[in-house]
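Student: Since the structure of chain W is already known, use the hints to place chain D on it.
Protein chains: 2
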Amino acid sequence: MSAGTVAESTRSRLLTTALRLFSEHGVEGTSLQMIADELGVTKAAVYYHFKTKDEITEAVAQPALAELEDILDAAAAQRTRGAQIDHALAGFVDLVVRHRALVALFNSDPGVVRAIDRTLQGAENFKLRMLSLLVGPDADTSARLTVDVLLAGLALAGGSPDNTDIDDDTLRERLIEIGRRLLGRRRPRS
Amino acid sequence: MSAGTVAESTRSRLLTTALRLFSEHGVEGTSLQMIADELGVTKAAVYYHFKTKDEITEAVAQPALAELEDILDAAAAQRTRGAQIDHALAGFVDLVVRHRALVALFNSDPGVVRAIDRTLQGAENFKLRMLSLLVGPDADTSARLTVDVLLAGLALAGGSPDNTDIDDDTLRERLIEIGRRLLGRRRPRS
Numbered sequence: 001m002s003a004g005t006v007a008e009s010t011r012s013r014l015l016t017t018a019l020r021l022f023s024e025h026g027v028e029g030t031s032l033q034m035i036a037d038e039l040g041v042t043k044a045a046v047y048y049h050f051k052t053k054d055e056i057t058e059a060v061a062q063p064a065l066a067e068l069e070d071i072l073d074a075a076a077a078q079r080t081r082g083a084q085i086d087h088a089l090a091g092f093v094d095l096v097v098r099h100r101a102l103v104a105l106f107n108s109d110p111g112v113v114r115a116i117d118r119t120l121q122g123a124e125n126f127k128l129r130m131l132s133l134l135v136g137p138d139a140d141t142s143a144r145l146t147v148d149v150l151l152a153g154l155a156l157a158g159g160s161p162d163n164t165d166i167d168d169d170t171l172r173e174r175l176i177e178i179g180r181r182l183l184g185r186r187r188p189r190s
Numbered sequence: 001m002s003a004g005t006v007a008e009s010t011r012s013r014l015l016t017t018a019l020r021l022f023s024e025h026g027v028e029g030t031s032l033q034m035i036a037d038e039l040g041v042t043k044a045a046v047y048y049h050f051k052t053k054d055e056i057t058e059a060v061a062q063p064a065l066a067e068l069e070d071i072l073d074a075a076a077a078q079r080t081r082g083a084q085i086d087h088a089l090a091g092f093v094d095l096v097v098r099h100r101a102l103v104a105l106f107n108s109d110p111g112v113v114r115a116i117d118r119t120l121q122g123a124e125n126f127k128l129r130m131l132s133l134l135v136g137p138d139a140d141t142s143a144r145l146t147v148d149v150l151l152a153g154l155a156l157a158g159g160s161p162d163n164t165d166i167d168d169d170t171l172r173e174r175l176i177e178i179g180r181r182l183l184g185r186r187r188p189r190s
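For the protein sequence lines, the chains are W and D, in the order given.
First residue of the first sequence: 1, per full-length UniProt numbering; consecutive thereafter.
First residue of the second sequence: 1, per full-length UniProt numbering; consecutive thereafter.
Think of the hints as simulated: they come from the structure by calculation, not from any bench.
Be aware that a few hints might be false.
Identical chains share a label here; the pair holds if one copy fits it or two copies do between them.
[Said to hold, decoys possible] Listed below are the simulated SDA-like cross-link pairs for lysine to any residue, each with C-alpha atoms no more than 25 angstroms apart in a straight line: (1) K127 x A64; (2) K127 x S160; (3) K127 x E173; (4) K127 x H25; (5) K127 x G91; (6) K127 x D165; (7) K127 x R172; (8) K127 x E24; (9) K127 x I176; (10) K127 x E177; (11) K127 x L65; (12) K127 x A77; (13) K53 x I166; (14) K127 x A76; (15) K127 x I166; (16) K51 x S160; (17) K127 x D109; (18) K43 x P161; (19) K51 x I166; (20) K127 x D167; (21) K43 x G91; (22) K53 x D140; (23) K127 x S108.
Next comes chain W alone, as it looks inside the complex (with noise of 0.2 angstroms):
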């Protein structure tokens, strides 16, 4: 393995253990430190990669975000309107259940959130092209508040330590059946 590798598969497992230590401690919980005794490293190699405790934060969210990002490109490429709504439906609620343990520290710690919303433009960007893509730029109140009630519900749920129990392809098609009965559309022919 050249020095490049190794640097970058230490990196890799420096983000998996924060992640695991975040979830179990708490952002505010977690030191350097203890992020270094775990990996069984130094704290200078943890600083070799990451200044502070936010950067790698933002580190540990960076991918679910761009891979959103993504979803939201392709959803908008998409021809119909109908076809808009499910390829946003199902790839939210697909990075949600990918990404449980992430999500899950996301609704319990608004630490995360901010940190992210220093980087990224941001939740509200978000937010807006979600709405726009599901109900339209120009949705009444009633539809503003479906969005808001699915986007946040199925979140929740689906990063819920209640439903660990649930496998993934399962709670995938429940979250998006539920999303289009939210939606007050029918499913897809099979």
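Tutor: Only chain D this time, still in chain W's reference frame:
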């Protein structure tokens, strides 16, 4: 006014002020001194009523939580399943709407939920009772997830700072409508 009435009114002003400061600065970012300053009293006067910030947090949330218990009791006492569901849903939405500021605080500050978990029999008990009222005690995965999405979604949407422009009556009506759609219930006859 008797001394007792003065104390009661100070206590009540203290809780209103605490909720406002908690909403602005978070529970973590609010000190007993800040509450005293805002009220124009000494820190000793605050200590007369509450020894710790946790006691204040519990007292701020207590009236809404007591109402929630009453709603669950009243819903359970309804004769038909349909009436139980309607009562539980409408009661929950009404509570969220009337206590929006508190709900927003719940949503953004896990410290509040932890403080409350200690006094009441906890959020778990509330969730089980709601589950049993809305979808029955032997609900399958799909029904359990629906209730998760419903409770989290309605609370987050109702307490969201994005929705402060929606008046109470409209918000109440729309959220009940969304809840009924989620539960697969038709509109009630008018």
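Student: Indicate, hint by hint, whether the structure satisfies it.
Tutor: Checked hints:
When the C-alpha separation of K127 and A64 is checked against a cutoff of 25 angstroms, the pair qualifies only within one copy, where the shortest distance is 15 angstroms, while the shortest distance between copies is 29 angstroms. For the identical chains of this complex, K127 and S160 are neighbours both inside a copy (21 angstroms) and across copies (13 angstroms), given an alpha-carbon limit of 25 angstroms. Taking the closest pair of Cα atoms, K127 and E173 come within 25 angstroms of each other both inside a single copy (23 angstroms) and across two copies (23 angstroms). In this assembly of identical chains, K127 and H25 lie within 25 angstroms of each other by CA distance solely across copies; the values are 24 angstroms between and 29 angstroms within a copy.
Taking the shortest Cα distances, K127 and G91 sit within 25 angstroms of each other inside one copy (14 angstroms), while across copies they are farther apart (28 angstroms). Taking identical chains as interchangeable, the C-alpha atoms of K127 and D165 lie at most 25 angstroms apart only when they sit on different chains, with a minimum of 17 angstroms there against 29 angstroms within one chain. For the homomeric pair K127 and R172, the shortest alpha-carbon distances inside one copy (21 angstroms) and between copies (22 angstroms) are both at most 25 angstroms. For the identical chains of this complex, K127 and E24 are inter-copy neighbours only, at 23 angstroms across copies versus 28 angstroms inside a copy, given an alpha-carbon limit of 25 angstroms.
For the homomeric pair K127 and I176, the shortest alpha-carbon distances inside one copy (18 angstroms) and between copies (22 angstroms) are both at most 25 angstroms. Taking identical chains as interchangeable, the C-alpha atoms of K127 and E177 lie at most 25 angstroms apart whether they share a chain (21 angstroms) or sit on different chains (22 angstroms). With identical chains, the CA atoms of K127 and L65 are at most 25 angstroms apart within one copy only, with a shortest distance of 13 angstroms there and 30 angstroms across copies. Proximity of K127 and A77 under a CA criterion of 25 angstroms is satisfied intra-copy only: 18 angstroms inside one chain copy versus 40 angstroms between copies.
Within a single copy, K53 and I166 get their C-alpha atoms no closer than 32 angstroms, and across copies no closer than 38 angstroms, so neither meets the 25 angstroms cut-off. For a Cα distance limit of 25 angstroms, the shortest separation of K127 from A76 inside one copy, 14 angstroms, qualifies, whereas the shortest one across copies, 37 angstroms, does not. When the C-alpha separation of K127 and I166 is checked against a cutoff of 25 angstroms, the pair qualifies only between copies, where the shortest distance is 18 angstroms, while the shortest distance within a copy is 27 angstroms. Taking the shortest alpha-carbon separations for K51 and S160, neither the intra-copy value of 31 angstroms nor the inter-copy value of 33 angstroms comes in at or below 25 angstroms.
In this homomeric assembly, K127 and D109 come within 25 angstroms of each other (Cα to Cα) both inside a single copy, at 19 angstroms, and across copies, at 21 angstroms. Taking the shortest Cα distances, K43 and P161 never come within 25 angstroms of each other, neither inside one copy (31 angstroms) nor across copies (40 angstroms). When the C-alpha separation of K51 and I166 is checked against a cutoff of 25 angstroms, the pair qualifies neither within a copy, at 37 angstroms, nor between copies, at 43 angstroms. In this assembly of identical chains, K127 and D167 lie within 25 angstroms of each other by CA distance solely across copies; the values are 21 angstroms between and 27 angstroms within a copy.
Neither within a single protomer nor between protomers do K43 and G91 lie at most 25 angstroms apart by alpha-carbon distance, with minima of 38 angstroms and 52 angstroms respectively. When the C-alpha separation of K53 and D140 is checked against a cutoff of 25 angstroms, the pair qualifies neither within a copy, at 40 angstroms, nor between copies, at 41 angstroms. Taking the shortest Cα distances, K127 and S108 sit within 25 angstroms of each other both inside one copy (19 angstroms) and across copies (17 angstroms).
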